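Visitor: Counting from 1, one number per residue, gives the positions in the sequence shown under the UniProt record's numbering.
Since the hints were derived computationally from the structure, they do not count as laboratory data. Just so it is clear, the structure is predicted and the values come from calculations on it, not from any experiment. Just so it is clear, CB atoms sit at the ideal spot from N, CA and C, and this is done for glycine as well. Careful: at least some of the hints might be erroneous.
Derived DSSO-like pairs (lysine-lysine); straight-line CA-CA distance at most 27 Å [said to hold, decoys possible]:
1) 159 <-> 76
2) 31 <-> 48
3) 76 <-> 95
4) 31 <-> 95
5) 53 <-> 77
6) 77 <-> 48
7) 153 <-> 100
8) 89 <-> 131
9) 53 <-> 14
10) 31 <-> 53
11) 89 <-> 76
12) 76 <-> 92
13) 77 <-> 5
14) 92 <-> 53
15) 153 <-> 76
16) 92 <-> 5
17) 95 <-> 53
18) 89 <-> 77
19) 76 <-> 5
20) 95 <-> 14
21) 92 <-> 77
22) 48 <-> 100
23) 14 <-> 77
24) 48 <-> 5
25) 31 <-> 92
26) 159 <-> 89
27) 31 <-> 5
28) 31 <-> 14
29) 53 <-> 100
30) 136 <-> 53
31) 48 <-> 76
32) 76 <-> 100
33) 153 <-> 89
34) 48 <-> 95
Here are the computed distance ranges between Cβ atoms for each label pair [what the hints assert, rightly or not]:
35) 78 <-> 110: 31 to 39 Å
36) 152 <-> 106: 30 to 38 Å
37) 100 <-> 20: 16 to 24 Å
38) 21 <-> 154: 39 to 47 Å
39) 72 <-> 13: 34 to 42 Å
40) 88 <-> 52: 15 to 23 Å
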Amino acid sequence: MNPSKCAFGVISGKFLGLIVRQWGIEIEQAKIDAILRMPEPRNIHELKSLQGKLPYLRRFISNLAGRWQPFSRLMKKDVPFQWDEACDKAFKSIKSYLMKPPVLVAPVLGRPLILYVAAQERSVGILLAQKNDEGKENTLYYLGRTMTPNELKYSPIEKL
């Protein structure tokens, strides 16, 4: 362990691009600003640039897979890049969400976990939460994924 890289007795600190505080983990503002300053993608390379920035933040974004869905068709090979209203709405939705990102808290051992699952037409979103001492639910983690072509054929209950 390198003593010059250690910190003891601090209230908060940067760690791997996140701000770690005693009450939770937040996204470093510079990471958020990089996305908020991005103009609307005009080509596949700019869309891939956006795509490259989001996985790092996925645990903070509710149903990122569902929000990303309008861009999926643009990512396919030999598909012309045509930015439409659905893409614009999704892009603005992601930016809007990042203006007030959640603070994720660490789980408390011995307390029950709460799992919320939302199945949409093409994606599944999951929220893992836990109640604090005041009875308020705190977010622990967000998770989401896009369904495979075979899973799209499932009935709504089977998608859960």
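Visitor: Tell me, in ascending order, the numbers of any earlier hints that this structure violates.
Guide: Failing hints, ascending: 7, 8, 13, 16, 19, 23, 24, 30, 32, 35.
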